[in-house]
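Q: Those protein sequences? They're chains F and S, same order as listed.
For the record, in the first sequence the residue sitting at position 123 is 144 according to our numbering, with numbers rising by one throughout.
For the record, in the second sequence the residue sitting at position 35 is 255 according to our numbering, with numbers rising by one throughout.
Honestly, the hints are just simulated from the structure, not real lab data.
Among the hints, a few may not be true.
[What the hints assert, rightly or not] With a cut-off of at most 25 Å between alpha-carbon atoms, the simulated SDA-like pairs for lysine to any residue come out as follows:
#1 F/Lys-37 - S/Ile-262
#2 F/Lys-36 - S/Asp-274
#3 S/Lys-273 - S/Ser-224
#4 F/Lys-36 - F/Asn-171
[Stated by the list, open to error] Partial list, computed: chain S residues near chain F (C-beta under 10 Å):
#5 Glu-238
#6 Glu-260
#7 Leu-265
#8 Asp-266
#9 Lys-273
#10 Ser-281
Beta carbons: idealized from backbone N, C-alpha and C, even for Gly.
Spelled out, the chains give:
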Amino acid sequence: MRWIWIDAFTHFESKKRARAVKNVTLAEEHLHDHFPGYPVLPPSLMIEGMAQTAGILVGEACDFREKVILAKIRKARFSDYCVPGDQVAYDAEVEIIEQAAATIQGTVYRNGNEIGNISLMFSHADQASKDLNLPEHNFVFNDQFMSLLNNYRIHSANEHVGGK
Amino acid sequence: MALSRDEIFNRVKDVLVEALGVDDDEVSETATLTNDLGAESIDFLDIVFRLEKDFSIKIPSGELFQVDLLQNPEYVEGGNLTKLGITKLKEAMPHADLSSLDDNPDVSRMPDLFTVGTIVKYVELKLAA
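Same shape as in the complex, but just chain S (with noise of 0.2 Å):
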């Protein structure tokens, strides 16, 4: 039987407690990982490895977390995203709610853009495909 999305959140809220060590009352579907829960590199492969065993799915390497994109001059210039870099970051995490980004695309805002619901949008998604 397909997970209901508040089942989902839950398993995702277990997951970011034991990977952080944040008391669960911390994760809300809007707490940002970096900002608001403290995450560090290490962390988002920690909590894609937990994940996948936690909901049995593969995550390929950068479909969560896009960070290549990020890296390539054509995408990003003096600090913001392109217009093309954008419309292709849309592309690369549907998961992720990035329509801001066309008002105010200065890429040091994405770590406050990826949030717990954006992991939680992600593993629905995921199980339903």
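One chain only, chain F, in its complex shape (with noise of 0.2 Å):
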């Protein structure tokens, strides 16, 4: 099993920024005891969400030839909670793309609103730690992941058939 935050992207423009959405309910397990009687999203969840969208934004930049590893979290400030029936979105916007990593600014909103500010950092593992003797197959980018951007580019090329 992978846990995947994000629900779909809406937003993908390659090397540059994309959106993608979450939309928070109470079939998720964990918020029944975060907190019990007061479930809300967990902020760090809100980062990972941030981290898979900003990292398969880093990752297509490369054409998914680099592990994108999230190496550091520099910064994640939130001014409100996400609650069942919330539809939570994040913007990520690519900053510095390198050999070694990346850094990307994040904006997430709430139904529209924004309520958190998130920096982060990757790490293209192959090309910053040579001596780890990685696996040579990419395990970051695996067919669960890439399917939340293929769809993203389903339902963009049918809104185009659509004349949308």
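Assembly of the complex is requested from the two constituent chains, each provided in isolation within its own frame, with the hints serving as guidance.
A: Here it is in structure tokens:
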């Protein structure tokens, strides 16, 4: 099993920015424990949602040849909670992409209102950690992860065909 | 107008406070990045990115923090830098005070020789170039 913390991409501009959304629902088991009687989406999972949005953005910039690993949370500040029924949007913007690493600036929205700022650093694992002898296959961007982006592309193509 | 050393130091201090999550009174000229400020390997890259942005400079890989030389067997033997290694390191890092390596070439001391002042000096040289 792999945790996917975004539901769909709604915008994707290669090498520049991406937006993904997540609908928060009480069907998510962890919300019953976080917290009992007061379910809120843990901010750590919003950081993960941003990392997945931005990680795919950074990975796509290199045609998914690199193993893009979240290396550092440079900043994460939130001003409000997200609860069941909310839609969370993650806007990620590329700041730097270099051979060994990349940084992004992210903004988190709850039902259209800004509630957080996140800055992340990603490492291109093969470039940055040559001595680790990582497996050759790209274990980061597996089929499950890639389907998120493929769904967006199919969706965009359909919109285009429909003239929207 | 050229920045004074104090101005460079204050901006480097802001970069380190943001990158390492330390208090600004912990960032002195003589504080070492790893031992005193707790920097880990990924932080060095973060610091480079932030310095590039803040000072509008380009820092080529390995120029500020030289590590490739330390992996060359010609320059390091039995945990100590060779005379050639020390010479090469001084050439590669004119911004660092490496004079104490002449008396004690223990390569494990390298992190202790990399201070906030080293970064300030590097930026100073870079801006003057």
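Q: Against this structure, judge whether each hint is valid.
A: Cross-check of the supplied hints:
1. Simply put, F/Lys-37 and S/Ile-262 have alpha-carbon atoms about 23 Å apart, close enough for the 25 Å limit, and the pair holds.
2. Taking the CA atoms of F/Lys-36 and S/Asp-274, the gap is near 22 Å; set against the 25 Å cutoff, the hint holds.
3. For a cut-off of 25 Å, the pair hint linking S/Lys-273 to S/Ser-224 stands: about 18 Å separates their Cα positions.
4. For the hint linking F/Lys-36 to F/Asn-171, the alpha-carbon distance of about 17 Å falls within 25 Å, and the restraint holds.
5. Because the beta carbon of S/Glu-238 sits about 8 Å from the nearest beta carbon in chain F, less than 10 Å, this interface hint is met.
6. This hint holds: S/Glu-260 has a C-beta 9 Å from the nearest C-beta of chain F, less than the 10 Å allowed.
7. Taken as an interface hint, S/Leu-265 checks out: its beta carbon lies about 5 Å from the nearest beta carbon of chain F, inside 10 Å.
8. Below 10 Å, beta-carbon pairs count as interface contacts, and S/Asp-266 has one with chain F at about 6 Å; its hint therefore holds.
9. Taking 10 Å as the C-beta cut-off, the interface hint given for S/Lys-273 holds, the closest approach to chain F being about 8 Å.
10. Against a cut-off of 10 Å between C-beta atoms, the interface hint on S/Ser-281 holds, since the closest Cβ of chain F lies about 7 Å away.
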